[in-house]
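A.B. asks: The residues making up each chain are set out below.
Protein chains: 2
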Amino acid sequence: MVPVEEAVRSARAIAPAMATELVPIDLSSGRVLAGSITAAADIPGFNRSIVDGFAVRSRNTIGSGDGEPAHLTCRGRIAMGPGGKHYHLRDGECVYIPTGGILPEQADAVVMTEYAEETAGIVLVKKAVSPGENILLFDEDFRKGEVIFAAGRRLTPQDVGVLAACGYPHIPVAKRPVVGIISTGNELVPVTSTPSLGQVRDANASMLAAWLTEYGCIPVFFGIVKDERGALEEAIASALPACDLLLISGGSSKDERDITAGVIAARGEVLIHGIALAPGKPTIIGRIGGKPVFGLPGHPASAFVVLIAIVRPLIDRVLGIEQPHLRIVKATLAENIPSVRGREEYVRVRLEQGTVVPVFGKSGLLNTLVKSDGIVCIPAGSEGFEKGREVEVILW
Amino acid sequence: MVPVEEAVRSARAIAPAMATELVPIDLSSGRVLAGSITAAADIPGFNRSIVDGFAVRSRNTIGSGDGEPAHLTCRGRIAMGPGGKHYHLRDGECVYIPTGGILPEQADAVVMTEYAEETAGIVLVKKAVSPGENILLFDEDFRKGEVIFAAGRRLTPQDVGVLAACGYPHIPVAKRPVVGIISTGNELVPVTSTPSLGQVRDANASMLAAWLTEYGCIPVFFGIVKDERGALEEAIASALPACDLLLISGGSSKDERDITAGVIAARGEVLIHGIALAPGKPTIIGRIGGKPVFGLPGHPASAFVVLIAIVRPLIDRVLGIEQPHLRIVKATLAENIPSVRGREEYVRVRLEQGTVVPVFGKSGLLNTLVKSDGIVCIPAGSEGFEKGREVEVILW
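Here the protein sequences come in this chain order: A and B. Quick note, this note's numbering runs 50 ahead of the 1-based positions in the first sequence. Quick note, this note's numbering runs 50 ahead of the 1-based positions in the second sequence.
Check before you lean on any hint, since a few could be wrong.
What the hints assert, rightly or not - Simulated DEER-style distance windows between Cβ atoms:
{"hint": "1", "chain 1": "B", "residue 1": "E168", "chain 2": "A", "residue 2": "A292", "range": "27 to 33 Å"}
{"hint": "2", "chain 1": "A", "residue 1": "R109", "chain 2": "B", "residue 2": "A63", "range": "36 to 42 Å"}
{"hint": "3", "chain 1": "A", "residue 1": "M162", "chain 2": "B", "residue 2": "F410", "range": "15 to 21 Å"}
{"hint": "4", "chain 1": "A", "residue 1": "E284", "chain 2": "B", "residue 2": "A292", "range": "48 to 54 Å"}
{"hint": "5", "chain 1": "A", "residue 1": "G273", "chain 2": "B", "residue 2": "E56", "range": "50 to 56 Å"}
{"hint": "6", "chain 1": "A", "residue 1": "E55", "chain 2": "B", "residue 2": "R439", "range": "50 to 56 Å"}
{"hint": "7", "chain 1": "A", "residue 1": "L247", "chain 2": "B", "residue 2": "K177", "range": "28 to 34 Å"}
{"hint": "8", "chain 1": "B", "residue 1": "R439", "chain 2": "A", "residue 2": "G126", "range": "44 to 50 Å"}
{"hint": "9", "chain 1": "A", "residue 1": "G142", "chain 2": "B", "residue 2": "N386", "range": "53 to 59 Å"}
{"hint": "10", "chain 1": "A", "residue 1": "E284", "chain 2": "B", "residue 2": "A63", "range": "56 to 62 Å"}
{"hint": "11", "chain 1": "A", "residue 1": "H220", "chain 2": "B", "residue 2": "E164", "range": "42 to 48 Å"}
{"hint": "12", "chain 1": "B", "residue 1": "R439", "chain 2": "A", "residue 2": "A292", "range": "31 to 37 Å"}
{"hint": "13", "chain 1": "A", "residue 1": "G273", "chain 2": "B", "residue 2": "G85", "range": "29 to 35 Å"}
{"hint": "14", "chain 1": "B", "residue 1": "K421", "chain 2": "A", "residue 2": "R109", "range": "32 to 38 Å"}
These are computed hints drawn from the structure, not numbers from a lab. Think of the CB as a built atom: it goes at the ideal place given N, C-alpha and C, for glycine as much as any other residue.
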């Protein structure tokens, strides 16, 4: 049994690198940048007003106020967009400018309409403005050549807005890794079947596929196979050429796990068999033909913890994510959580009125998984956390 | 100008209801349940072992320990899955059982292999077990008829695992609302164009589409239209029949907003024009032909805040989500945030080493949007928050 940290290191060390693909910007949200993005031009490309008002020379407004407004001659109205009339402002003059309008060259500030009054071609300015006020300067948002996003960033909708503003209709992202899923177990039947006595439906395949899709992978399910060496060998041989990595889920009993480990060892190598992690101890990390092959526990709750604790860091490496975007909340424990020293424990917890309530339950239960909001990790060296302690919850 | 709360109430009051559709389970993650899901059968459907070990009558192990093990006759090995040999245990007997195996009727506990030693058909039990130990009882996970998930829940990958275990190959979910997007502004050009002086690329359409997709809607872009009444009327008339709701983005200047409001008023009704929200004041909420029509600010950062603060609650109602799953983090302010009393302010913030750092910047800037991790809401009645205060950050 190896510590979690070592298992993660081993997993990441065998991560295959993904090729880059260009995707249309409208399909880029949630994808991971394969290269850094620099501003191809200055943004904005001209001095813009950020309010509706009057473009002025700020020195012409010095000392103006409600009681003593500055009087400026209004030259006209600037139209939005290109090709509008060009105004050359002299001292004592102003021009109406809408939000987003191009500031005339001689102006250096904008007086908001709220502080101006226009009558018969004269604008009364009731508040002084300083140079630069209410305008966005040329290149103030992004300077040409500046790195806007570094490689490895998972794009958000806001990022997509910035990429659009910067003129990137196609975005270089890491290809989605294809992750094969094989379910093993004589007791498993598909979701469409009614289990007879001793059978259970395969929950892991659907759960893993849903998570992998959400995380940016392409899951491919290669079916349920019996706990027999030959059947598993055949399934792996047919799955592997189509995948970048392979998850073999199931094998809850030692005999079954030994079959999985045996097949991986025969076709490639077993790197780790057993992790000091609860739940999730009977995890196998191996490699066949240069591709990572995982043996995950059969219990869905255990499989999910291994997915989060061990498989995710590998997928982060595959996608090029150096800093995964974990959602972590700090809150106070409402109950003691005992733990066994010597293994890292992932306790499912619920957030309840700002406190962290552990969701205890036997390892085979599904309901602990859906009644929890996330997990608290208790390090291997600890005998547990006491009530009242502030802990970090990694939200699902 | 109306308070944010009232604007949200008005928006939610005009939310159209979505029809239900059945989707295959493997496409259900992230979708919102349109009806509650009950367990169609007891889970598990039989008493199962949750460890590898020996099924026993617990009373036969009383008093057993390392020094004084109980001696039990091993009757054989239970196979995984259905159709295995049926064992009838008598006192003094046990049978090997793998994890997930069917517990024989007369057994009431399982001794883990770690505490048992088998030699020549005799098993030495070195640790007493109590009734129920290491087994999952019939219906302990979910009882037939029990509500597993209530309507309005957005399904997670773990939920999908449970739905698979419960035998739901198709899931009733709210249809994805079709959200039309129209960009307005004489200054706007598409992402594929190089702006000439006075032009900017349309960032909002791509940003809104990306967010809507992520939130479970189908965005449809109806193009960039000029700030002219006729052009906007035409665009709305062609978009509305295809949409459940419509977002008109742009109109950063008062003239432009007035055109949008005028067209909505002529074709339907303007419910709200101006919200006590910063940024986001010049927002329009209206309705045409029974469908919600929003006028969003032109600045991307402002449009995004309105999307989160006003449009999202409406979409939650459309999808049937009563309790949106906001990601909220509590942390301490690293700097003062001043605010103007009388309007709700959404300040973009960055999380830095557990503290909350406001990302200030002029309203037209894009970079504040992508340099922030979320927002802090300062209520209308407050003049701001002081450094050191614990605040809630709504993560993007």
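A.B. asks: Are the hints correct? Go through all of them and say.
C.D. replies: Here's how the hints hold up against the structure:
1. B:E168 to A:A292: 27 to 33 Å: violated, 42 Å
2. A:R109 to B:A63: 36 to 42 Å: violated, 51 Å
3. A:M162 to B:F410: 15 to 21 Å: holds, 19 Å
4. A:E284 to B:A292: 48 to 54 Å: Given range 48 to 54 Å: holds, Cβ gap about 49 Å.
5. A:G273 to B:E56: 50 to 56 Å: At 55 Å between Cβs, range holds.
6. A:E55 to B:R439: 50 to 56 Å: violated, 37 Å
7. A:L247 to B:K177: 28 to 34 Å: Once the Cβ atoms are compared, 29 Å apart, the range 28 to 34 Å for K177 (chain B) and L247 (chain A) holds.
8. B:R439 to A:G126: 44 to 50 Å: holds, 48 Å
9. A:G142 to B:N386: 53 to 59 Å: violated, 39 Å
10. A:E284 to B:A63: 56 to 62 Å: holds, 59 Å
11. A:H220 to B:E164: 42 to 48 Å: violated, 57 Å
12. B:R439 to A:A292: 31 to 37 Å: This hint is violated: roughly 54 Å between Cβ atoms.
13. A:G273 to B:G85: 29 to 35 Å: Between G273 (chain A) and G85 (chain B), where Cβ atoms are some 30 Å apart, the hint holds.
14. B:K421 to A:R109: 32 to 38 Å: holds, 33 Å
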